[in-house]
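Novice: The lines below spell out each chain.
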Amino acid sequence: MTIARRSFVSGLLAAPFAPSLLHARTAPRVVILGGGFGGGTLARALKRAAPTLSVTLIERESVVYTCPFSNGVLGGMWALDRVGFSTDGLRADGIELIRSDAAAIEPERKTVVLADGSRISGDVLVLAPGIDFKWSAIEGMSPEAAELLPHAWKAGRQTQILRDQLTAMDDGGLVVVSIPAPPFRCPPGPYERISLIAHYLMHHKPASKILVLDAQDSFSKQPLFEEAWEALYPGMIERVPGSASGAVVAVDAATRRISTGFDDVTADVANVIPPQTAARILIDAGLDEGLGWCPVEPLGFESRLVKDVYILGDAALQGDMPKSGFSANVQAKACAASILARLEGRAVNPTKLINVCYSLAAPDYGFSVADVFIQGPEKVTLLQAEGRITALAAGAQAHAAEAAHAKSWYDTITSEIFG
Amino acid sequence: MQPKSLHFQFLTMLAFAFFGQAGQVQAQDAGAQLAMACGSCHGLNGGGGETIPPLAGRDKSELLEQMRALKEPHEGVTIMPRILRAYDDDELKALAGHFARMEP
Ligand SMILES: Cc1cc2nc3c(=O)[nH]c(=O)nc-3n(C[C@H](O)[C@H](O)[C@H](O)COP(=O)(O)OP(=O)(O)OC[C@H]3O[C@@H](n4cnc5c(N)ncnc54)[C@H](O)[C@@H]3O)c2cc1C
Numbered sequence: 001m002t003i004a005r006r007s008f009v010s011g012l013l014a015a016p017f018a019p020s021l022l023h024a025r026t027a028p029r030v031v032i033l034g035g036g037f038g039g040g041t042l043a044r045a046l047k048r049a050a051p052t053l054s055v056t057l058i059e060r061e062s063v064v065y066t067c068p069f070s071n072g073v074l075g076g077m078w079a080l081d082r083v084g085f086s087t088d089g090l091r092a093d094g095i096e097l098i099r100s101d102a103a104a105i106e107p108e109r110k111t112v113v114l115a116d117g118s119r120i121s122g123d124v125l126v127l128a129p130g131i132d133f134k135w136s137a138i139e140g141m142s143p144e145a146a147e148l149l150p151h152a153w154k155a156g157r158q159t160q161i162l163r164d165q166l167t168a169m170d171d172g173g174l175v176v177v178s179i180p181a182p183p184f185r186c187p188p189g190p191y192e193r194i195s196l197i198a199h200y201l202m203h204h205k206p207a208s209k210i211l212v213l214d215a216q217d218s219f220s221k222q223p224l225f226e227e228a229w230e231a232l233y234p235g236m237i238e239r240v241p242g243s244a245s246g247a248v249v250a251v252d253a254a255t256r257r258i259s260t261g262f263d264d265v266t267a268d269v270a271n272v273i274p275p276q277t278a279a280r281i282l283i284d285a286g287l288d289e290g291l292g293w294c295p296v297e298p299l300g301f302e303s304r305l306v307k308d309v310y311i312l313g314d315a316a317l318q319g320d321m322p323k324s325g326f327s328a329n330v331q332a333k334a335c336a337a338s339i340l341a342r343l344e345g346r347a348v349n350p351t352k353l354i355n356v357c358y359s360l361a362a363p364d365y366g367f368s369v370a371d372v373f374i375q376g377p378e379k380v381t382l383l384q385a386e387g388r389i390t391a392l393a394a395g396a397q398a399h400a401a402e403a404a405h406a407k408s409w410y411d412t413i414t415s416e417i418f419g
Numbered sequence: 001m002q003p004k005s006l007h008f009q010f011l012t013m014l015a016f017a018f019f020g021q022a023g024q025v026q027a028q029d030a031g032a033q034l035a036m037a038c039g040s041c042h043g044l045n046g047g048g049g050e051t052i053p054p055l056a057g058r059d060k061s062e063l064l065e066q067m068r069a070l071k072e073p074h075e076g077v078t079i080m081p082r083i084l085r086a087y088d089d090d091e092l093k094a095l096a097g098h099f100a101r102m103e104p
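Protein chains in written order, with the working numbering: chain W, 1 to 419; chain B, 1 to 104.
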């Protein structure tokens with residue numbers, strides 16, 4: 001015990017964090033913005049490891065709707081409720097939840113300014129507010145236009161609008177899905193969505209078509225999606241890649257006219273997913289260094305610009321890790337370990353991180369990309385470039401097993417964050 | 001004196017909460033750190049999910065053997081070979097030791 005204390009104290013004095021802490025009278029306070037996959041996981045992980053730490057979480061929503069599994073709502077597999085979680089669960093373990101909209105961040109002061117003008121400051125600030133849209137990248141797109149041409153790329157009301165449009169559409173209708181240039185949240189997400197919309201149409205409106213206007217040439221798990229589309233939805237999906245002028249450049253919300261600059265089409269339902277950036281509140285605070293996404297170091301995801309400010313999830317440039325809920329969850333645990341190590345004045349060693357993204361091509365037809373990363377000196381680096389996805393021609397049993405694992409993953413991760 | 005000792009007490013508690021006995025810190029650290037990523041599917045406490053098996057409280061050598069075997073793709077196995085191929089035997093041992101120590 002004595003030895004432990006002595007080494008502990010000398011470590012503390014050596015720590016860069018020590019001076020502010022030594023003057024503190026109470027437990028250090030960690031302030032977290034965003035109660036989604038990154039922020040929600042972090043708050044729970046910190047409180048579980050260090051119950052006496054003061055953890056404050058700022059989240060605007062009373063119910064968080066997860067993007068993962070929201071494509072199932074569009075496919076008619078379940079209702080929106082299935083992906084909605086009351087943020088009351090985030091109060092678990094003694095987390096202080098502030099249900100409020102953050103208006104600004106003062107990184108140097110580790111402060112979040114709320115919409116009502118009040119200021120929440122900590123010793124450590126963690127930012128996980130997700131993404132925003134670059135509306136101006138598509139002529140005619142705006143938050144108002146998205147009421148008619150829903151993106152459904154932040155789940156909740158937008159998901160329901162798109163679902164209602166699909167159910168209201170007549171058989172034989174044309175659904176246009178517009179996909180932006182990367183990077184965007186969830187690289188395989190648009191293609192899972194196309195699959196599950198096709199699943200719905202095949203069973204309820206089989207004469208309908210899906211036109212995919214894609215700014216990308218190739219995409220995540222492409223051979224697996226194309227194999228599934230051929231088998232399950234032959235002739236229903238047509239995709240125009242970026243090299244064939246697939247990128248949407250203009251829309252007219254009132255008439256649902258969608259233009260690629262090369263061609264125009266009038267949709268019955270149009271799901272226009274705009275290009276994306278880190279949440280604007282981070283860009284306004286200068287934390288993106290003009291890049292549109294926030295640079296972070298690879299060990300604990302601390303901002304490269306401001307000390308004791310950490311940025312998790314979709315908003316950050318996380319090396320080779322994709323913008324997924326799985327990644328945000330894993331990053332949050334590594335971040336918690338880093339924060340606690342710094343409070344203790346101890347260095348943290350690099351480790352290996354994982355991302356698995358399941359996609360459903362139909363309710364019982366799943367496949368995945370499964371990756372391991374190492375926290376390198378410069379960035380988080382993918383370890384194996386080959387053989388990352390489910391094998392082609394895997395067979396019905398393997399696809400059913402992966403679909404079941406996807407549900408198991410989703411229920412475990414959401415109950416641990418929100419339950 | 002008062003504020004300083006209060007703070008000292010807090011930090012000591014923090015250290016023990018996260019790292020346990022100081023002497024065990026080094027040995028347990030690698031396994032616990034690697035296991036953070038496993039928890040996203042197998043559960044934070046290693047309890048597993050509906051179709052994803054639990055790991056907590058498993059026999060260490062049995063679990064180690066199973067992980068070694070799962071490095072190779074075979075019938076009925078989905079994602080684990082793609083993950084486990086990235087871990088060397090020392091890492092698998094550290095992971096097996098970590099999960100074996102967890103409460104089932
Ligand atoms: C259709 C779709 C399907 C997907 N499927 C998967 C999948 O199967 N698996 C997977 O791993 N990932 C999936 N993703 C990706 C996943 O949703 C994101 O990567 C993940 O949500 C990122 O977590 P985050 O913490 O960065 O952001 P979020 O989870 O979006 O959390 C951000 C939180 O911050 C809050 N917030 C933002 N700004 C403020 C403010 N100013 N004041 C207060 N609160 C604020 C928001 O309300 C939100 O709750 C999918 C995404 C989409 C769009």
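Read the hints as simulated data drawn from the structure, not as lab findings. Don't be surprised by glycine CBs; every beta carbon is placed ideally from N, CA and C. Heads up, some of the hints might be wrong.
BS3-like mimics (lysine-lysine), calculated; alpha carbons at most 27 Å apart, straight line [to be verified]:
hint : chain 1 : residue 1 : chain 2 : residue 2
1    : W       : K154      : W       : K209
2    : W       : K205      : B       : K71
3    : W       : K379      : B       : K60
4    : B       : K60       : W       : K352
Covered stretches of chain B, going by a simulated chain W footprint (3 or more residues, C-beta under 8 Å) [unchecked claim]:
hint : segment
5    : 38-45
6    : 74-82
Pair by pair, the computed Cβ-Cβ distance ranges are [unchecked claim]:
hint : chain 1 : residue 1 : chain 2 : residue 2 : range
7    : W       : E289      : B       : K71       : 36 to 42 Å
8    : W       : P377      : B       : E103      : 32 to 38 Å
9    : B       : M80       : W       : G242      : 31 to 37 Å
10   : B       : P73       : W       : D170      : 42 to 48 Å
11   : W       : L114      : B       : P73       : 47 to 53 Å
12   : W       : A393      : B       : M80       : 39 to 45 Å
13   : W       : H204      : B       : M102      : 44 to 50 Å
14   : W       : A92       : B       : M102      : 17 to 23 Å
15   : W       : T167      : B       : E62       : 49 to 55 Å
16   : B       : M102      : W       : D264      : 55 to 61 Å
17   : W       : P377      : B       : S61       : 32 to 38 Å
18   : W       : S415      : B       : D90       : 28 to 34 Å
19   : B       : K60       : W       : S62       : 41 to 47 Å
Novice: Hint by hint, note whether the structure agrees.
Specialist: Hints, one by one, checked against the model:
| no. | hint | in the structure |
| --- | --- | --- |
| 1 | W:K154 to W:K209 | holds, 25 Å |
| 2 | W:K205 to B:K71 | violated, 44 Å |
| 3 | W:K379 to B:K60 | violated, 33 Å |
| 4 | B:K60 to W:K352 | holds, 21 Å |
| 5 | 38-45 | holds (count 7) |
| 6 | 74-82 | holds (count 4) |
| 7 | W:E289 to B:K71: 36 to 42 Å | holds, 40 Å |
| 8 | W:P377 to B:E103: 32 to 38 Å | holds, 36 Å |
| 9 | B:M80 to W:G242: 31 to 37 Å | holds, 35 Å |
| 10 | B:P73 to W:D170: 42 to 48 Å | holds, 46 Å |
| 11 | W:L114 to B:P73: 47 to 53 Å | holds, 51 Å |
| 12 | W:A393 to B:M80: 39 to 45 Å | violated, 20 Å |
| 13 | W:H204 to B:M102: 44 to 50 Å | holds, 47 Å |
| 14 | W:A92 to B:M102: 17 to 23 Å | holds, 20 Å |
| 15 | W:T167 to B:E62: 49 to 55 Å | holds, 51 Å |
| 16 | B:M102 to W:D264: 55 to 61 Å | holds, 59 Å |
| 17 | W:P377 to B:S61: 32 to 38 Å | holds, 35 Å |
| 18 | W:S415 to B:D90: 28 to 34 Å | holds, 33 Å |
| 19 | B:K60 to W:S62: 41 to 47 Å | holds, 45 Å |
In this structure, the hints that do not hold are numbers 2, 3 and 12, in rising order.
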